[in-house]
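Enquirer: Each chain is listed here by its residues.
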Amino acid sequence: MTWLVEDRLKPYAARRAEPYLTDAIKTQVAEKYFPRYPRKQAALLPLFHRLRQEYGYIPEQAIDETADFLGIARAEVQDAVSFYEEFRLTPSGEYVISVCRSISCELCGSRAVLERIRHVFGVDPGETTADHKITVLEVECLGACEQAPCALVNEDLHGHLEPDNFVRKLQALSAARDDQGRAAAPTGRTHI
Amino acid sequence: MALVAPILLKRIPAEPAQRRLYRWADYTATGGYEGLQKACAMPPGEVIKLVVDSGLRGRGGAGFPCGTKWTFLPKDIHPRYLAVNFDESEPGTFKDRYLVEHDPHALLEGIAIAAYANRITTSYIYIRGEYHRQAGILEEAVAEAYAYGIFGRKYPGTDIVHNCYVHRGAGAYICGEETGLLESLEGKRGWPRNKPPFPAVAGAFAKPTIINNVETLACLPHIVLHGSAWFKSMGTPSSAGPKLFGLSGHVNQPGVYEEALGVKMSTLIEKYAGGVKGGKYKAAIPGGVSMGVLGTDQYHAELDFDIGKKYNVLGLGTAGVIVMNDQTDLVLALRNIVRFFAHESCGQCTPCREGTAWMHKMLNRIVDGFGRPRDFDLLMEIALSMGAMPGTTICGLADGANWAVRTFLQKFPEEFKARLKCGQVRGVELTATA
Ligand SMILES: Cc1cc2nc3c(=O)[nH]c(=O)nc-3n(C[C@H](O)[C@H](O)[C@H](O)COP(=O)(O)O)c2cc1C
Ligand code: SF4
Ligand code: FES
Numbered sequence: 098m099t100w101l102v103e104d105r106l107k108p109y110a111a112r113r114a115e116p117y118l119t120d121a122i123k124t125q126v127a128e129k130y131f132p133r134y135p136r137k138q139a140a141l142l143p144l145f146h147r148l149r150q151e152y153g154y155i156p157e158q159a160i161d162e163t164a165d166f167l168g169i170a171r172a173e174v175q176d177a178v179s180f181y182e183e184f185r186l187t188p189s190g191e192y193v194i195s196v197c198r199s200i201s202c203e204l205c206g207s208r209a210v211l212e213r214i215r216h217v218f219g220v221d222p223g224e225t226t227a228d229h230k231i232t233v234l235e236v237e238c239l240g241a242c243e244q245a246p247c248a249l250v251n252e253d254l255h256g257h258l259e260p261d262n263f264v265r266k267l268q269a270l271s272a273a274r275d276d277q278g279r280a281a282a283p284t285g286r287t288h289i
Numbered sequence: 012m013a014l015v016a017p018i019l020l021k022r023i024p025a026e027p028a029q030r031r032l033y034r035w036a037d038y039t040a041t042g043g044y045e046g047l048q049k050a051c052a053m054p055p056g057e058v059i060k061l062v063v064d065s066g067l068r069g070r071g072g073a074g075f076p077c078g079t080k081w082t083f084l085p086k087d088i089h090p091r092y093l094a095v096n097f098d099e100s101e102p103g104t105f106k107d108r109y110l111v112e113h114d115p116h117a118l119l120e121g122i123a124i125a126a127y128a129n130r131i132t133t134s135y136i137y138i139r140g141e142y143h144r145q146a147g148i149l150e151e152a153v154a155e156a157y158a159y160g161i162f163g164r165k166y167p168g169t170d171i172v173h174n175c176y177v178h179r180g181a182g183a184y185i186c187g188e189e190t191g192l193l194e195s196l197e198g199k200r201g202w203p204r205n206k207p208p209f210p211a212v213a214g215a216f217a218k219p220t221i222i223n224n225v226e227t228l229a230c231l232p233h234i235v236l237h238g239s240a241w242f243k244s245m246g247t248p249s250s251a252g253p254k255l256f257g258l259s260g261h262v263n264q265p266g267v268y269e270e271a272l273g274v275k276m277s278t279l280i281e282k283y284a285g286g287v288k289g290g291k292y293k294a295a296i297p298g299g300v301s302m303g304v305l306g307t308d309q310y311h312a313e314l315d316f317d318i319g320k321k322y323n324v325l326g327l328g329t330a331g332v333i334v335m336n337d338q339t340d341l342v343l344a345l346r347n348i349v350r351f352f353a354h355e356s357c358g359q360c361t362p363c364r365e366g367t368a369w370m371h372k373m374l375n376r377i378v379d380g381f382g383r384p385r386d387f388d389l390l391m392e393i394a395l396s397m398g399a400m401p402g403t404t405i406c407g408l409a410d411g412a413n414w415a416v417r418t419f420l421q422k423f424p425e426e427f428k429a430r431l432k433c434g435q436v437r438g439v440e441l442t443a444t445a
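Order-wise, the sequence lines are chains A and B. When we follow my numbering, the leftmost residue of the first sequence carries the number 98, and every step to the right adds one. When we follow my numbering, the leftmost residue of the second sequence carries the number 12, and every step to the right adds one.
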């Protein structure tokens, strides 16, 4: 749960003709998840996880489409989706670095890790680098306190972080280029 | 009595290099699903009675007797659900993750036994969103269990088919609170519900529902196989059995260790976690930040479910022990904990929403060197007024904030009062880097 509401105060996003809930996604969710629950609404979290994987964030338009798809009010979808931190409503960088700031990690030096990231990439928690490569977030306990200090890089946990090494790893990621020497295309993100 | 050999961790060696994932074949080759087999040869009522007799108490934080909870389910109302609480978001807690990422079938066997005993229609494993890899491991194990007929079968003599699904959360601590979990399962925001009605009567989708923690369920195969007397031979009279303890913070070998309930904290720290790192012991949180803090003189505290009254903490909680050495700035430590609650409060109840945010602001001000002598009493007053136990909030999150603040202030008053004098230096680092 978060009290950071700025995201949600942005003006209404532009529409596009092509739906975000493609027929493929709808069929997949309907076949896999609808039978699991007595109510369609319960497929909301699985659906949003699917959208998060597909687009990297939850586009505003997808909220309307979801309401139609699940047969619930738009407000109900908005109410739910705005509650969960993993469902970001704005696009993020190719690599989302979620640094744990809770007690075990802070005791083991998470502040130094975060400071180093801020210093090197010039972004505060919640911000994305200008090249859309790296988004830095501060999050609460990741359930990996024995590996403190730790962070998620997208979905992968990195533990026992040492500021310089970790920053070097991130720099390598953000400098990754494809065979032709271009900066690697963002994976799985169509709208950044 | 201490533990002779690991029980819950029997498939997870202490040596990290030897740890691996136990799939179906490995699990069944090492005695897996024998407990379920034995349970299915008993009438369901006998299984429930066995669990009641074993004295198994919930491992999710509240320590409520597991068998007793099961008996609250009304008879003959179907469908009925089991919600497995794998939200595990309490800072300092990582035991369920550790168990499942190596031995997922241990949880599934427990689920199958609980489901058989209670004639559950559908079991939902609610796993926190950040456990991406673990969700994958669980999905695979569930698929294996379906393939081998553990799930998706009718209970003998009935038309009830038991299904089991993994349901992923998406980053909200409060979804670990049992009714917050149910709301989230239904596709809503995870706002805890007012009780009554209790989940056993009207839980998920308004049907009877049991909510159990991962570790609680993982105890079941062993209880069924070895009996209630065996289970009670470990631990203390009121806190039976083995328990997973997660040690983190200032220890040399942080990790998950298994011991009988009632083990001394000093034993856990010295024998298992390699001693305190970077200095001497100063304070520890016994079981996740909601439980409050143990003082410097409580190093030898015997950790069982009844530590609350004995040591002036809220309870054993999740048994995630966070150790702090004598270099630790406890004002900064408390600020971190209160920030957690302020951030995770779901905002329904005014004392919790406003109280946690207010205390966080005060602690920020104190850290910045602008504390006032009267802040000590003010912090205490705000803390004591919030929670389900003072009766001002819906759920226990506020009690966690209450106990964290009150015990830090009660057990380390000088450290706090010294910071409330005029002209204080600003605190920067929580601890001298070890
Ligand atoms: C704020 C809050 C957070 C909680 N988080 C968890 C959690 O992450 N995992 C868990 O098993 N229990 C958690 N609980 C406890 C559950 O409400 C519930 O008591 C427990 O899951 C019951 O299972 P058990 O009887 O097997 O322990 C939490 C409780 C509160 C008040
Ligand atoms: S006590 Fe706090 S977290 Fe619990 S329901 Fe009330 S506002 Fe939400
Ligand atoms: S405190 Fe950082 S993972 Fe738990």
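The set of hints was computed from the structure by calculation and includes no laboratory data. There's no promise every hint is true.
To be verified - Sample of chain B residues at the chain A side, in silico, Cβ under 7 Å: (1) T82; (2) E99; (3) R108; (4) G147; (5) R179; (6) A183; (7) E197; (8) K199.
Virtual Cβ for every residue (Gly too), placed ideally from N, Cα, C.
Enquirer: All hints, please: hold or fail.
Expert: We went through each hint and held it up to the structure:
A hinted interface residue such as T82 of chain B counts as satisfied when its beta carbon comes closer than 7 Å to some beta carbon of chain A; here the least separation is about 25 Å, so the hint is violated. Hint status for E99 of chain B: holds, given a least beta-carbon distance of 5 Å to chain A, under 7 Å. Given the 7 Å rule on beta carbons, the hint for R108 of chain B holds: about 5 Å separates it from the nearest Cβ of chain A. A distance limit of 7 Å between C-beta atoms decides the matter here; for G147 of chain B the minimum to chain A is near 9 Å, and the interface restraint is violated.
For R179 of chain B, the interface hint holds, the least distance from its beta-carbon to any beta-carbon of chain A being 6 Å, beneath 7 Å. A least Cβ separation of about 5 Å between A183 of chain B and chain A falls short of the 7 Å threshold, and the interface hint therefore holds. Restraint check, E197 of chain B versus chain A: the minimum CB separation of about 5 Å is within 7 Å; hint holds. This hint holds: K199 of chain B has a C-beta 5 Å from the nearest C-beta of chain A, less than the 7 Å allowed.
Going through the hint list in order, the structure does not satisfy hints 1 and 4.
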